[in-house]
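The sequence shown begins at 10 in the numbering used here and counts up one residue at a time.
A hint or two may mislead.
[As the list claims (entries may be wrong)] With a straight-line Cα cutoff of 20 Å, these simulated DMTMM-like cross-link-like pairs (lysine to aspartate or glutamate) come out:
| # | residue 1 | residue 2 |
| --- | --- | --- |
| 1 | Lys105 | Glu79 |
| 2 | Lys148 | Asp115 |
| 3 | Lys41 | Glu203 |
| 4 | Lys175 | Asp210 |
| 5 | Lys105 | Glu92 |
| 6 | Lys105 | Glu67 |
| 7 | Lys175 | Glu207 |
| 8 | Lys175 | Asp115 |
| 9 | Lys105 | Glu71 |
| 10 | Lys148 | Glu184 |
| 11 | Lys148 | Glu128 |
| 12 | Lys63 | Glu92 |
| 13 | Lys125 | Asp57 |
| 14 | Lys175 | Asp114 |
| 15 | Lys125 | Glu145 |
| 16 | Lys41 | Glu197 |
| 17 | Lys105 | Glu73 |
| 18 | Lys175 | Glu116 |
| 19 | Lys63 | Glu73 |
| 20 | Lys41 | Asp210 |
| 21 | Lys148 | Glu79 |
| 22 | Lys125 | Asp99 |
| 23 | Lys63 | Asp115 |
| 24 | Lys63 | Glu197 |
| 25 | Lys105 | Glu188 |
| 26 | Lys148 | Glu116 |
| 27 | Lys125 | Glu142 |
| 28 | Lys125 | Asp114 |
| 29 | Lys105 | Glu128 |
| 30 | Lys125 | Asp179 |
| 31 | Lys41 | Asp179 |
| 32 | Lys41 | Glu207 |
| 33 | Lys148 | Asp114 |
| 34 | Lys63 | Asp210 |
Think of the hints as simulated: they come from the structure by calculation, not from any bench.
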Amino acid sequence: MWSRRSASASRSTTICSANPSPVAVSAISQQKQLLRQTHLAARNALEDRPRRSKRIWERLMEAEFLARAETILCYVSARSEVETHPLLVDLLVQGKRLVAPYCIDDERLGLFQLTKLAELESGRFGILEPRIELRESRKISPSAIDLAILPGAVFDLRGNRIGYGKGYFDRLLAELSPEAIRCGLGFECQITAEVPTEPHDRPLDLLISEDRLCRYSPTD
10 MWSRRSASAS RSTTICSANP SPVAVSAISQ QKQLLRQTHL AARNALEDRP
60 RRSKRIWERL MEAEFLARAE TILCYVSARS EVETHPLLVD LLVQGKRLVA
110 PYCIDDERLG LFQLTKLAEL ESGRFGILEP RIELRESRKI SPSAIDLAIL
160 PGAVFDLRGN RIGYGKGYFD RLLAELSPEA IRCGLGFECQ ITAEVPTEPH
210 DRPLDLLISE DRLCRYSPTD
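Could you put together the complete structure from these sequences and hints?
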């Protein structure tokens, strides 16, 4: 069974009130929305995304934690995200058990074992998802994931991540095994020193950009 050491002793944490006031939560949400808008605008304006994405894939593919992982969840890129379509192909060629997410409803993601890119079609939000007629036969439990490769709008230097505001991946991260590695992919223009967090936010173990690999907890 693939595993890693517990990250609980080394992860930087922020102590929060168990029951933050509605005013405080609203203020944090507004701060996150402003950061989201600013950094997505920078990402949308970024030049040479294919070359930058390739540098990120290469850094990821060289990582020891990826070599050890057997079942890998990877987002299917859309819009100006770090491109993952060539990465998906590389993972399949390596013989990894590749898992792609899809929207079940307005809150939940399902997981599907992907064997080729031809099994994808345009789904909710215009993102490529597994074809509906294939999903039931190849569903994967979140507890089976060894490595989760995630997108985001903003990342900070403490492992925190701001998504797109729907909470899909935060809810999914809560269902993963404690041993699973959570790795974000983002461009340098998406990284800031610190982002505000809320109790439901789930931190990352790693972040890979075109210039660096940031570790926030042990992955060996």
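>> I'd like to know which numbered hints this structure contradicts. Please list them from smallest to largest.
In response: Going through the list in order, the structure violates hints 13, 23, 28, 30, 34 and respects the others.
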